[in-house]
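Enquirer: Following the hints, put chain U in place on chain H, whose structure we already have.
If you read the sequences in order, they're chains H and U.
Take 77 as the starting number for the first sequence in this note's numbering and just add one per residue.
Take 77 as the starting number for the second sequence in this note's numbering and just add one per residue.
There is no bait here: all hints are sound.
Pairs count within a copy or across copies, as identical chains cannot be separated in the list.
Pairs of lysine to any residue, SDA-like flavour, derived with a Cα cap of 20 Å:
| id | residue 1 | residue 2 |
| --- | --- | --- |
| 1 | 102 | 141 |
| 2 | 110 | 150 |
| 3 | 163 | 81 |
| 4 | 97 | 78 |
| 5 | 163 | 94 |
Quick caveat, the hints were computed from the structure, so don't treat them as lab data.
These figures come from a predicted structure and were not determined experimentally.
There are 2 protein chains.
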Amino acid sequence: MAFWNLDTLHLEQFRPGILSKAEIGKDLIMVCMKIEPGRADSGHEHEFDQCGIVLEGPIEMHVGSEARLLESNDCYFIPAGERHGWKTFDSAVRLLDISRKPSETSNN
Amino acid sequence: MAFWNLDTLHLEQFRPGILSKAEIGKDLIMVCMKIEPGRADSGHEHEFDQCGIVLEGPIEMHVGSEARLLESNDCYFIPAGERHGWKTFDSAVRLLDISRKPSETSNN
Chain H
77 MAFWNLDTLH
87 LEQFRPGILS
97 KAEIGKDLIM
107 VCMKIEPGRA
117 DSGHEHEFDQ
127 CGIVLEGPIE
137 MHVGSEARLL
147 ESNDCYFIPA
157 GERHGWKTFD
167 SAVRLLDISR
177 KPSETSNN
Chain U
77 MAFWNLDTLH
87 LEQFRPGILS
97 KAEIGKDLIM
107 VCMKIEPGRA
117 DSGHEHEFDQ
127 CGIVLEGPIE
137 MHVGSEARLL
147 ESNDCYFIPA
157 GERHGWKTFD
167 SAVRLLDISR
177 KPSETSNN
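So here's chain H without its partners, still in its complex pose (with noise of 0.2 Å):
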């Protein structure tokens, strides 16, 4: 399937407080996620690189030493190996959120 409609795209619970539609190719995975108010993910760190844009905010992300408040059309760049995080706050938020798909024959 090579487009989304995101008006119409129909998400599935993907963890607690994340609902989620993956669109998973050879080397990206690309994902519309919504995640309910008050949420947060202190913060993780992995060895491929992570981007986005907010479609609907406020969230706050940190990536590496910077944090920042995200509204909708904000964008962000992880890159490979930076701990990073977010927080939602009374309302949802959804992010068009892209990576490399993790390659099968190494932990990357």
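Expert: Chain U in isolation, oriented as in the chain H frame:
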């Protein structure tokens, strides 16, 4: 630079008819692109996935045998190896486009 505000992001000439700003990581290239009205790419292909979201349309895109008129907030996913192209109409188009960074050790 981890974050982009699209309202203030400075784009530079990339090739005739296209302004862009790129963030290049280890694995991914994230590009904000502005394409002039009346431009087209009749089609090409490459051995890496590419995807993105239309920030300002309309743009006609074709991916393999599917063609679609995309408006703002529509997303696309171009699987590695699929022939794809696009056409703009009477207004400039803005995209956020992400592709896998081709490996330095291969032609993919």
